[in-house]
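Residue-level listing of the chains:
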Amino acid sequence: MRPSEPVFMNPDLTAMRIHDDYAPPILEMRGIVKRFPGLVALDGVDLSVRRGEIHALIGQNGAGKSTLMKILSGVYTPDEGDIRVEGLPVSIHYPREALRLGIGTVYQDLSLVPQLSVADNIYLGREPGNGFVIDQTAIRRSTQALFRRLEVRDIDGDERVGRLPLAQQQLVEIAKVLSHEPRILILDEPTAPLADEETAHLFRILRGLREQGIAIIFISHRFKEILQQCDRATILRNGRLVTTIDMQGVSEDELVELTIGERLETFFHHAEQMRANADVVLEVSHLSVRRAVRDVSFTVGRGEIVGITGLLGAGQNELARALFGIQDGVRGTIKRRGLVVRIRSPRQAVRLGIGLLTEHRKLEGLVPDMSVKENISLPSLAAFRRLTMFIHNGRERWAVRESMQQLNVKAASSKVKVSTLSGGNQQKVILGKWLLRDLDVLIFISPTQGIDVGAKAEIYAHLSELANQGKSIIVVSEDLLEILGISDRIFVMYNRRLTRIFQRGEVDEETLLSAVQGATL
Amino acid sequence: MANMAEAPERRPSLIPARADGWTALSTLSTVVVVIALFLFFGLTSERFFLPQNLLNILKQMSIVGILGIGMTVVILVGGIDLSVGSVVLLSSAVTALLLDSYDVAPVPAIGAGLVIGALVGLVNGVLVEVAGISPVIATLGTLIAVRGLGQILIENTYIWVTDPLFVDIASDTIAFLPIMAVIMLVLYVVFAIVLKQTVFGRYVYAIGGNPIAARLSGVPLLRVKILAYVLSGLLAAVAGMLTAATVGVVGPNAGAGMEFNAIAAVVLGGARLSGGVGRVEKTLLGTAIFTMVLNYLTLSGVTAIWQQTVTGFLVLGAVLLERFVQRGK
Ligand SMILES: Nc1ncnc2c1ncn2[C@@H]1O[C@H](COP(=O)(O)OP(=O)(O)OP(=O)(O)O)[C@@H](O)[C@H]1O
Ligand SMILES: [Mg+2]
Numbered sequence: 001m002r003p004s005e006p007v008f009m010n011p012d013l014t015a016m017r018i019h020d021d022y023a024p025p026i027l028e029m030r031g032i033v034k035r036f037p038g039l040v041a042l043d044g045v046d047l048s049v050r051r052g053e054i055h056a057l058i059g060q061n062g063a064g065k066s067t068l069m070k071i072l073s074g075v076y077t078p079d080e081g082d083i084r085v086e087g088l089p090v091s092i093h094y095p096r097e098a099l100r101l102g103i104g105t106v107y108q109d110l111s112l113v114p115q116l117s118v119a120d121n122i123y124l125g126r127e128p129g130n131g132f133v134i135d136q137t138a139i140r141r142s143t144q145a146l147f148r149r150l151e152v153r154d155i156d157g158d159e160r161v162g163r164l165p166l167a168q169q170q171l172v173e174i175a176k177v178l179s180h181e182p183r184i185l186i187l188d189e190p191t192a193p194l195a196d197e198e199t200a201h202l203f204r205i206l207r208g209l210r211e212q213g214i215a216i217i218f219i220s221h222r223f224k225e226i227l228q229q230c231d232r233a234t235i236l237r238n239g240r241l242v243t244t245i246d247m248q249g250v251s252e253d254e255l256v257e258l259t260i261g262e263r264l265e266t267f268f269h270h271a272e273q274m275r276a277n278a279d280v281v282l283e284v285s286h287l288s289v290r291r292a293v294r295d296v297s298f299t300v301g302r303g304e305i306v307g308i309t310g311l312l313g314a315g316q317n318e319l320a321r322a323l324f325g326i327q328d329g330v331r332g333t334i335k336r337r338g339l340v341v342r343i344r345s346p347r348q349a350v351r352l353g354i355g356l357l358t359e360h361r362k363l364e365g366l367v368p369d370m371s372v373k374e375n376i377s378l379p380s381l382a383a384f385r386r387l388t389m390f391i392h393n394g395r396e397r398w399a400v401r402e403s404m405q406q407l408n409v410k411a412a413s414s415k416v417k418v419s420t421l422s423g424g425n426q427q428k429v430i431l432g433k434w435l436l437r438d439l440d441v442l443i444f445i446s447p448t449q450g451i452d453v454g455a456k457a458e459i460y461a462h463l464s465e466l467a468n469q470g471k472s473i474i475v476v477s478e479d480l481l482e483i484l485g486i487s488d489r490i491f492v493m494y495n496r497r498l499t500r501i502f503q504r505g506e507v508d509e510e511t512l513l514s515a516v517q518g519a520t521l
Numbered sequence: 001m002a003n004m005a006e007a008p009e010r011r012p013s014l015i016p017a018r019a020d021g022w023t024a025l026s027t028l029s030t031v032v033v034v035i036a037l038f039l040f041f042g043l044t045s046e047r048f049f050l051p052q053n054l055l056n057i058l059k060q061m062s063i064v065g066i067l068g069i070g071m072t073v074v075i076l077v078g079g080i081d082l083s084v085g086s087v088v089l090l091s092s093a094v095t096a097l098l099l100d101s102y103d104v105a106p107v108p109a110i111g112a113g114l115v116i117g118a119l120v121g122l123v124n125g126v127l128v129e130v131a132g133i134s135p136v137i138a139t140l141g142t143l144i145a146v147r148g149l150g151q152i153l154i155e156n157t158y159i160w161v162t163d164p165l166f167v168d169i170a171s172d173t174i175a176f177l178p179i180m181a182v183i184m185l186v187l188y189v190v191f192a193i194v195l196k197q198t199v200f201g202r203y204v205y206a207i208g209g210n211p212i213a214a215r216l217s218g219v220p221l222l223r224v225k226i227l228a229y230v231l232s233g234l235l236a237a238v239a240g241m242l243t244a245a246t247v248g249v250v251g252p253n254a255g256a257g258m259e260f261n262a263i264a265a266v267v268l269g270g271a272r273l274s275g276g277v278g279r280v281e282k283t284l285l286g287t288a289i290f291t292m293v294l295n296y297l298t299l300s301g302v303t304a305i306w307q308q309t310v311t312g313f314l315v316l317g318a319v320l321l322e323r324f325v326q327r328g329k
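Chains B and H, in that order, give the protein sequences.
Be aware that the first sequence starts at 1, since it is given in this note's numbering, and climbs by one per residue.
Be aware that the second sequence starts at 1, since it is given in this note's numbering, and climbs by one per residue.
Because the hints were derived from the structure by calculation, they are not lab data.
Any given hint could turn out to be false.
Short, incomplete list of chain H residues facing chain B, as computed with Cβ under 8 Å [what the hints assert, rightly or not]:
1) Val-199
2) Asn-210
3) Ala-213
Subject to a maximum C-alpha distance of 20 Å in a straight line, what follows is the list of computed SDA-like cross-link-like pairs (lysine to any residue) [unchecked claim]:
4) B/Lys-335 with B/Gly-353
5) B/Lys-417 with H/Ser-274
6) B/Lys-417 with B/Glu-364
7) H/Lys-196 with B/Phe-384
8) B/Lys-415 with H/Thr-27
9) B/Lys-417 with H/Arg-272
No residue lacks a Cβ here, since even glycine has one placed at the ideal position from N, Cα and C.
Chain H with its partners taken away, still in its complex shape (with noise of 0.2 Å):
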């Protein structure tokens, strides 16, 4: 600070002198891709800018971003969570079996397939915290565990799910905003603030930046890091529930692949996979760019295979360009 004030002159520079400077430059960046990439598809696409597609877009955007929230937690305590994609069929086979079978009403129902989802996440956190599993290793398992669970309970068929709140939740919007984009949009804006604000989330980059620092200071490690994989696995359910409601239909395969999406929706963010470093502002720039490209292959007739393989090429670029501009600096 002495610094400062001595300093005879000082030149404007080109870098925001903010503290923060890079981050902010970055999320721009980030946003610059999302608007480019929003105008080159509408440009060179007749049907991208209809208001169906757009909405479609936003519905999609739903799904994967409410996986990305509780991907970008778990991500930055240092973790990973492939079990989301299994927890969407399990939570939601719950739901639509209370309702189809056991007449259990909507909101009891909901509740049950949404705790089952944090029961999930629980198992996870144990797994890598307590039993010292790797996460990669742990939350393989249980997607492979959590899948066979939900198919059991399914009887490998597909069960209807035509109660009236979640044909409301599908179709329904709130002024131009569909009610799923509506919901996404509250749990970024309370994550946001969570990550932020609180003690937890200060935590949460304290354990993914330097463990061993956040030990000795007196973080408490474990329950942070097993809380994050709560959280994922109950917004995993949340998608879960969703997803149920836009296809109407709970079958085997249902989210399989998702977590996939999500994954790649954080890295599209720019958080970095060991941890510590990531917003979830960011994932949710991820998420439209991921959608974006899907929507505009699918727009475009490109055949899903192609899709996936593109979508990969994608997040290896992003990657790729994170590192680039990490060197640069």
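So that you can see chain B by itself, here it is in the shape it has in the complex (with noise of 0.2 Å):
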């Protein structure tokens, strides 16, 4: 075993560690090797986690964090290396042996069955009954138990979870691991779809559970969190171990160094101007969404990035998809370039020349079982014919090929399939697949959520370089920083009302959080 390096540990701040440095460690995995088809995703990689600890894993996108995981939680088994419980070596075959180690895991791609209830999909597999009739009362009850035990309020147990936002579905899938009583906690990326204040609640709930000794693996790209309430850090890059950390003491910067192997400059690219935005190229009109969007008028301008961010079902995101027609009960009017349009579905949307990115990556994002080449290209095959019916495979490629290296999509080839891709890999695989359909408004709805530091920057110049070019774009996000750092127009939503907006420079991220949470002036 290679020993970990504190290289940034403050000594003075050691000494207040509540918890023993030299107690066995209650995790140790050794030497894993994971090989995929054409590429090696963990190459001897060790990980030390104590009892009682947030012991955070970072990575860029396809580093290997959830490969690791998976191997610890059964999913996958090791082509080398051990893994020792207490001490004691394991061998994981199945997730079921997993949990019956106390390793309970939420996985970066929800498991949630979207048509079961909350609490169905809770009990799912252990439901409580005569072996025939599942006891729904119970089932009910500790549902409902769990959750006051969680300090979850407003969720309701027998409602479907494909109904819930996806941060309310995060919430449950972490219910449901914590109901099976881990000993360790794996969270790939809970955090990915939760604004600050569902974040807060998160870790007030970890807090607890390291409290009463539980070791939890966590799993971020947010730097700020993981300095906050992490104890100690593995960083992996390219699936090598680079070192484990102790989190007193050490800056985001470092840790972003770390992470990525360089220093990153900017991280945010401003216009160095307002960006002209004389031509309305989006004009909206007393929008209003059934139970959801309450009277947004609103103009779009030709280059024009508007960031549009709010709490949690605040309207934001059914504004959005209200746009791109995959949104019941709009009413109000919609004009494209001085003309009133009626946008009733996703082709619709498309052929006046808006696109849309939705959250939910894996529901409305991706066809699993197609390459990623293909995934890309959906949108866009139109553009690449021959003979009226033929795709152009030269073309295609050629095209898919640009798109991969722009966004830096980390895969063995454009050829497999993209559920084998790493999250954000998946992640910036949509991003493609919109950015190569050449449309005047791109409408993009959490688009860096599971993107790594470096990539993000990446991604934000990209759109400023197309904003540059004329495209409008319009950022729907719950990340305040994300939202100052790339708008030239800020819209706050509150209770279903755009109640604000911002010029670019005219606010800070103090002033915009009390914006959001319903602050009038």
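If you follow the hints, you should be able to join the two separate chains into one complex; please do so.
As structure tokens, this is what we get:
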């Protein structure tokens, strides 16, 4: 085992640590190797986690974080290496065995059944009852008790999971895993779909679990929360272990540098001046969505980046979906270049030059069994036709390769199934899909969820570039820094209404935060 | 990609590093099964390898195989078409009547039969995609209604098909291959290309793989899915013509139960019944397995009822094997 190097450890602060550094780790993985056809995902990785710590696992998209965790939870078996739990060697071949060992996992792609209720999902596969009839009252009661313990208030146990927003689905998934009472809890990017408030809530829960001595492995691309909440961090780069460090006294820059192997100079590419937005390309007046949006009016100019933000459920997602024809109960008028249009289906929207990327990567973004290439080119196939019905393979391959390079998609080749890509790389594929299709108005909901810091900066630069070329971009995001960084104008939605509009530079994070929370001026 | 470049050493792996390693592997294994069965049947039955019997197998394969193409397309988009056996009856009845009672020339008569088949497919497509009836129910309805229509047309008796064109189709060969088999192979080549190389084919896989993502990508779901049913109806009508040619007569039970043979061929070919995964090439292999087993059972003197039972278990076995392989992966 390679010794972990506490390079940035601050000697004064280590004395204050509550937990004994010399306690035997509850979990030890040594020399883990995992190969997939065409690439080595993990190349001799060590990980050691102590009881009662929140241990961050950090690395760029495709570094091997999820693969390492899937080995721990029995989804994959390692090609080499061994695993010890409480000092005893174990081999984990099935997820069930991992659960029996007390290892509970919240996967990056949620594994809930959308058609079932929240409560049924939580107790799926271990329904109380006599073996034939499920005891529904028992399920409901346990779910309520569980939610009470986790201080989850606004989720109804009888609601169908598919109807919940992504952030709440994430909480249900976490509740489900916690109901197994794990000793080791793995959370693979649980905060990606969460806004600040839910993130804070999640960490309250996690700190409680830490007090009880549970070991928590936490994957995230958000360094702020890692620095604030985690005790130690293990960093992976390209399938190899970089180091394991103590978080005391580490700065964000140091963490970024360890992760990507170089300094990240510019995070946001600010446009020098306000982009001209004289030509209105999209005009929305008095748009309402049943139970979600109330009487919203705005315009979007050519070459402008508009950021829309708000609390969970403030209506921003429904607004975006309405512009793409996938939202029920829409009233009001939408004008494209001055003409009133009716958008009833994505196909119509695309024909009107509007594209939408939604936050539901797996459900709405990808066809898992198709290749990376086929996914990226799907909206643009018409452009690669020859003899009216055939696909021009050469042109398609060329365009896809270009797009993959631009977004730095990490895959063994463009022909592998998109489902074998890492989460962040799948997200890049969806982005690539819409960037390849030459549309005037691009609407992105949480475009950079699950994408690592380095790639994020590149994507922001790319969006900026597109705006300079005259595309109009609407970014819907709960990430205030992202919104502040890229938007020419910022729309704040609160309680279903568009409450504030800020110009670039007119607002700082604090003001924006209070606006998001409903402050009027 | 960066990962590949920096990996210090890579051991040779048994699993091909090709992108479609697994599908290539499983196609290969299906081919191996076909060859193994072929040899086994030939070595254990005196008559299996006789040229006449091999020709018979090819002819039987042609009809199931052509139905299997349409069924593959419909299953790929996430549907199913139970009406194809009835379309075999209706289309051949229309053609036979036109030839027999109205003295229409064979080519327009065949054309009319094919149009009828496509129309039934259109009805199926509209029932499923526009009216929103589940595919099983909708095509079960047309299965019954269309068979009824066919039987009304031929007044529940038998109509002889004696036109020389049909006699030729049934008996002629091109370079040892029966014309029927040639027709089937041409259709397989055409549809393999359609599914792999055309925009329609790509849409078929996208819709079957994830209809929501496909819709949000601007794929014309309705059009593609309806076209899938139309193609299935059209191909069933082609199978109807071949059935009329081989049997030489159209009777009330023509094509009855063929939908299950077609589904069996698709399933044996490893397509996923919920859509998105499957290939016509593999359905052809499935057809070969299915037909050879039936033929062998006949040669061994197994009665029709038992044949049915055995093929039923064969299909179940194939599905279980598929599950098992999926799990092992
Ligand atoms: N089932 C699989 N088949 C083939 N390759 C795979 C498979 N699962 C993962 N990989 C590859 O292994 C590498 C590591 O993927 P992994 O999902 O562990 O990355 P990650 O660190 O979790 O990234 P992200 O931050 O994007 O989630 C990637 O290059 C990915 O394409
Ligand atoms: Mg991951």
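Against the structure, the hints:
1. Val-199: holds, 5 Å
2. Asn-210: holds, 4 Å
3. Ala-213: holds, 5 Å
4. B/Lys-335 with B/Gly-353: Holds. B/Lys-335 to B/Gly-353 sits at ~12 Å (cutoff 20 Å).
5. B/Lys-417 with H/Ser-274: holds, 18 Å
6. B/Lys-417 with B/Glu-364: The hint holds at about 16 Å.
7. H/Lys-196 with B/Phe-384: Distance of about 14 Å is within 20 Å: holds.
8. B/Lys-415 with H/Thr-27: With a Cα-Cα distance of about 18 Å, the restraint between B/Lys-415 and H/Thr-27 holds, given a limit of 20 Å.
9. B/Lys-417 with H/Arg-272: With a Cα-Cα distance of about 16 Å, the restraint between B/Lys-417 and H/Arg-272 holds, given a limit of 20 Å.
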